[in-house]
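Enquirer: So you can see what is in the structure, the chains are spelled out below.
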Amino acid sequence: MIVFENVEYVYPNGFKALRGVNLEIESGEIVALMGENGAGKTTLLKHLNGLLKPFSGRVLVDGVDTRRTTVASLSRKVGIVFQNAEEMFFSPTIYEEIAFALNNFRYPEDVIQKRVGWALKFMELEEYRDKSPFLLSGGEKKRLALAIILAWSPEVVALDEPTVGQDILQKEKMIQIIRQANQQGKTIIISSHDVEFIADIKPRIILMSKGRIVKDGPAEEVLTDIPLLQECSLLPPQIVSLTSRLDFLGIRPKLAGPEEIAVEIARRLK
Amino acid sequence: MSTILRGLQFYPGKTVIHKLDPRVKLVISLLLMMTAAIYLEVTIITIVVAVEALLSIIAKVFSRWARTVYGAAPLIILVFLLNVLFKLSMPGQSLGFQSIYEALQLAYRLVAFLASFSIFFLTTTPEELGMALTKMKVPYMYTFAFISAIRFTPILAEELQSIIDAQKSRGLELEKGNMITRLRRYIPILIPLMVNVLRRSYELAEAIEVKCFGAKKNRTYLRELKMTKRDLTVLSISITLFTLAIYVKLFVKLNIP
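Protein chains in written order, with the working numbering: chain A, 1 to 270; chain B, 1 to 257.
I should point out that these hints are in silico values taken from the structure, not numbers from a laboratory.
Here a beta-carbon is modelled for each residue, glycine too, at the ideal position from N, C-alpha and C.
Among the hints, erroneous ones may be present.
For the chain A half of the interface with chain B, some residues (derived, Cβ under 8 Å), not all of them [unchecked claim]:
#, residue
1, M1
2, K46
3, N49
4, F55
5, T69
6, A72
7, N84
8, A85
9, E87
10, F100
11, A101
12, N104
13, F105
Based on the provided sequences and hints, a complete structural model is requested.
Expert: Written out as structure tokens, the structure is:
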């Protein structure tokens, strides 16, 4: 469980990124952090494994204050996939790239082999095992970045803008991976302003603006609140845009699949 | 490190100093540095630093300027220690008041140098510097390379930080171990940094080629530099002061520390 208690954070240049954030994330949840650029999403993520320590207030990961421990020990519990993780590769082969963290965490050699093998398979990267990470395509790099983190099986997986620069197919794959990892019991925290992507996952949404949490609720509730979304510089999902214009048929704005809405429109028109 | 970099980065303002011709500012900074270079007396260097402080106050960048000087403390201490060691390594020298004092003078001189750099870069945009250099007949290719270097330094610093964050999140511990293993730990940081720098320079090369870089030998500017009366006045005052400094150095026997 992750708890934020009145967390404030100010960058050295004086920018107040978090202004009193209170938050509880249970294990096994899928949570999406949404909000405009500069709302504080990435800053919040960096607090999860102690890369940033709160200026005031505190962050507890499984009851441990992040100020009282190291990034390395917190990282075993919380794996963060950064937005530009594919710019952080350095190993000659993909195998070694994944094994790097496991070596840092001092896993025995046979465990490392097993885990890297599993991660490669899970991310469909087996055939590239001995290739350079720099030779992968954009989508494959993103999957490698995920494989790196999933290999040591952290309880919490945090993803920073996982869909930037990804095509529809990759996004669908990403959703599958997120669901699977969640079914394996992992807490998933996604920071994103890709509304359609989040609408497909339907997680609990934490809406942020200017360093504060302005709304915390299920996707069905947050993503249909059009004025609030606009306030946070987000466009509602297309299906919500559509249903919000169907007031004359007696349909309320709602987050549902296109088929369901089509059936409902047909029924009302009859 | 980042505090020093911030102190060498342009900070927008509308003060007299910001509006001065970049060439004049360049000359003033160089004259201040030369004054610090020809004197070793603590009093004179203090005067130079005081003048620089005054300039930074006029330009409303004093706190940033002061932070640069403060942030450079480790470097200055290093220079001081190296000088002490160097003095000791010379035959017939022992660690006395004199040798420590001399090392202190050299380190103090560095403060004046750095402070002068800082005030110049805090009040001059890279473009202005570029225009000044071009006016001084430096080929544009070199000017461009120099400006890009200044431009990309803060971006590089930011990137370095995000690489460190990412690798720390993969369990990399930079603080542990002896010197050699510690250096080895920097490989996962330095390789991505280098790869990104190379990638970025290729991208930049393509971007400027698309915009016909180097198609014409003599580049023209939308805004031409022109010396105003104020520029000339400031320039003549500073040259006079510097001449005075040289005169004093050559012909007046100073009896100050």
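Enquirer: Taking the hints in turn, state whether each one holds.
Expert: Hint by hint, here is what the structure shows:
1. M1: violated (20 Å)
2. K46: holds (7 Å)
3. N49: Constraint on N49 (chain A) satisfied, holds at 6 Å.
4. F55: Violated, about 17 Å.
5. T69: With a closest approach of 12 Å, the T69 (chain A) hint is violated.
6. A72: holds (5 Å)
7. N84: holds (7 Å)
8. A85: holds (6 Å)
9. E87: At 6 Å from the nearest chain B Cβ, E87 (chain A) passes the 8 Å test, so the hint holds.
10. F100: Status holds, d = 6 Å.
11. A101: holds (4 Å)
12. N104: It holds, given that the least Cβ distance between N104 (chain A) and chain B is near 3 Å, below 8 Å.
13. F105: holds (5 Å)
In this structure, the hints that do not hold are numbers 1, 4, 5, in rising order.
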